[in-house]
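Undergrad: Protein chains in written order, with our numbering: chain A, 770 to 942; chain B, 310 to 521.
Because the hints were derived from the structure by calculation, they are not lab data. Every residue gets a Cβ at the ideal spot worked out from N, C-alpha and C, and that includes glycine. There could be a bad hint or two in this list.
Stated by the list, open to error - Covered stretches of chain B, going by a simulated chain A footprint (3 or more residues, C-beta under 8 Å):
| no. | segment |
| --- | --- |
| 1 | 343-352 |
| 2 | 367-381 |
What the hints assert, rightly or not - Listing some non-contacts, in silico: residues in chain B with all C-beta distances to chain A over 12 Å:
| no. | residue |
| --- | --- |
| 3 | F363 |
| 4 | N397 |
| 5 | A457 |
| 6 | E461 |
| 7 | D484 |
| 8 | A493 |
| 9 | W499 |
| 10 | V501 |
| 11 | A504 |
| 12 | V508 |
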Amino acid sequence: MLDDLIDGVARQMTASQPSVAFTRRVVARVAQLESKGHRRRWGRLVWLLAAPATVFIVVMAVLVFRDRVVWQPSAGPRSNPTRRTAPAEQMAPEAPVAEATSDTSKVHAHARASDVNARSTPPTMVATSDPDLAPLVTAPLEIVPLGVAPLPRAVPIEVDALSIGHIDIAAMP
Amino acid sequence: VRGNPGSAAAGHPTVATIEVSIGCVSDADLVVRAREGDTEAFGELVTRHQTAVFRAALAALGSTADAEDVTQEAFISAYTRLSSFRGNASFKTWLLTIAWNRAINRRRSLRWRWTRTVNIDTPDMELEPMSGGLNPEQLASSDQFRRAVRREILALSPKLRDALLLAQSGEYGYDEIGAMLNKAVGTIKWRVSQARRLVKARLRALGYTHVG
Numbered sequence: 770m771l772d773d774l775i776d777g778v779a780r781q782m783t784a785s786q787p788s789v790a791f792t793r794r795v796v797a798r799v800a801q802l803e804s805k806g807h808r809r810r811w812g813r814l815v816w817l818l819a820a821p822a823t824v825f826i827v828v829m830a831v832l833v834f835r836d837r838v839v840w841q842p843s844a845g846p847r848s849n850p851t852r853r854t855a856p857a858e859q860m861a862p863e864a865p866v867a868e869a870t871s872d873t874s875k876v877h878a879h880a881r882a883s884d885v886n887a888r889s890t891p892p893t894m895v896a897t898s899d900p901d902l903a904p905l906v907t908a909p910l911e912i913v914p915l916g917v918a919p920l921p922r923a924v925p926i927e928v929d930a931l932s933i934g935h936i937d938i939a940a941m942p
Numbered sequence: 310v311r312g313n314p315g316s317a318a319a320g321h322p323t324v325a326t327i328e329v330s331i332g333c334v335s336d337a338d339l340v341v342r343a344r345e346g347d348t349e350a351f352g353e354l355v356t357r358h359q360t361a362v363f364r365a366a367l368a369a370l371g372s373t374a375d376a377e378d379v380t381q382e383a384f385i386s387a388y389t390r391l392s393s394f395r396g397n398a399s400f401k402t403w404l405l406t407i408a409w410n411r412a413i414n415r416r417r418s419l420r421w422r423w424t425r426t427v428n429i430d431t432p433d434m435e436l437e438p439m440s441g442g443l444n445p446e447q448l449a450s451s452d453q454f455r456r457a458v459r460r461e462i463l464a465l466s467p468k469l470r471d472a473l474l475l476a477q478s479g480e481y482g483y484d485e486i487g488a489m490l491n492k493a494v495g496t497i498k499w500r501v502s503q504a505r506r507l508v509k510a511r512l513r514a515l516g517y518t519h520v521g
């Protein structure tokens with residue numbers, strides 16, 4: 770009996786209901802969360818797209834304006850606008866025509882030396898329009914004439930005529 | 310919930326809109342719909358389980374205002390975590406576990422303890438002197454005795470009190486209480502029995518020797 774009484778009192782202690790508008794309140798909060806979530810998702814998407822969009826715009830701008838931009842040379846000895854390349858005839862005198870020699874080893878040695886000289890020689894000579902400066906002229910290269918020994922006369926090769934001997938084959942038994 | 314008037318129905322005016330009573334839909338189906346953002350489906354889940362969740366929170370907190378706050382928080386939390394609900398247990402059990410954990414966290418908070426202390430000190434909770442001249446039936450039905458029982462239940466340790474109040478609320482089976490408290494069913498049954506025994510012993514110690 771007392772157990773039932775204790776159980777009854779315990780039941781009464783929790784015998785209550787949430788208010789009538791409870792469900793509506795919860796659903797309203799859920800809907801609010803949903804709308805916030807949508808807004809947050811859109812915001813995140815915008816931020817995610819912002820970086821590639823910026824890169825795309827920059828790349829497109831570079832591609833469009835690349836050909837229109839005139840590069841102005843900056844001040845300096847290499848990019849001085851008053852300097853110009855010297856005419857080809859001033860750059861280097863014509864090399865003398867090689868003369869043939871009979872010594873082959875000497876020819877090869879000279880050829881190697883002239884090759885080294887050609888590589889170590891500055892490739893360009895720049896003249897300036899500045900009247901105070903004398904035009905820079907490099908000394909003409911000293912090139913040893915390249916001689917090639919004539920080929921020795923070819924010796925004809927003589928081949929003897931082939932002779933085939935008679936072969937005897939025994940008859941099959 | 311109305312049937313979705315999709316492109317087929319829109320292209321064929323003779324196709325009637327299918328009306329589906331939400332009361333026939335299982336919790337699992339409602340959960341699926343709620344996951345897709347159907348707030349009406351979630352509202353049905355709230356309607357179905359609000360009493361069970363509220364009573365669990367009330368058993369833990371003893372205050373209807375706090376219990377309602379916790380119930381609301383539990384439902385919102387459940388909605389935001391619907392994707393983590395795997396369906397191993399029933400939706401009700403999963404929801405009750407969320408609500409119970411929230412209620413216990415609130416009970417442990419300093420603010421709640423302070424409020425609780427003030428409430429205990431109120432004159433309403435004071436034990437009244439034993440009435441004399443009443444037979445056991447009259448005494449058992451008297452408000453004075455019922456208040457004494459209530460006082461003794463509140464004086465129980467939280468473990469025993471929780472088990473007793475949850476078991477007697479009529480909303481949960483022992484397995485659901487076990488899931489909420491993370492204890493075996495046998496443990497819950499023992500706690501309920503022990504709670505009754507202790508309340509009876511204290512009542513006898515207070516002079517109610519001829520009851521039960």
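Undergrad: Give a verdict on every hint.
TA: Okay, the hints, checked on the actual structure:
Residues of the segment 343-352 of chain B with a Cβ under 8 Å from some Cβ of chain A number 5, which satisfies the need for three, so the listed coverage holds. By the rule of at least three residues with a Cβ nearer than 8 Å to a Cβ of chain A, the coverage given for the segment 367-381 of chain B holds, with 8 such residues. Against chain A, the non-interface label of F363(B) is violated: not every CB pair exceeds 12 Å, the least being about 5 Å. Every beta carbon of chain A lies more than 12 Å from that of N397(B), the smallest distance being close to 24 Å; the non-interface claim holds.
For A457(B), the requirement that its beta carbon stay farther than 12 Å from each beta carbon of chain A is not met, with the minimum near 9 Å. Once the 12 Å rule is applied to beta carbons, E461(B) is inconsistent with being away from chain A; the minimum gap is 8 Å. For D484(B), the condition that its CB be more than 12 Å from all CB atoms of chain A holds, with the nearest at approximately 19 Å. No Cβ of chain A comes within 12 Å of the Cβ of A493(B); the nearest lies about 21 Å off, and the non-interface call holds.
The Cβ of W499(B) lies farther than 12 Å from every Cβ of chain A, with a closest approach of about 15 Å, so its non-interface assignment holds. With a minimum CB-CB distance of about 9 Å to chain A, V501(B) fails to clear the 12 Å threshold, and the non-interface call is violated. Its closest Cβ contact with chain A, about 8 Å, brings A504(B) to no more than 12 Å, contrary to its assignment away from the interface. Look at V508(B): its CB is around 5 Å from the nearest CB on chain A, not clear of 12 Å, so calling it non-interface is violated.
Violation of the numbered hints given earlier is confined to hints 3, 5, 6, 10, 11, 12; the remaining hints are satisfied by the structure.
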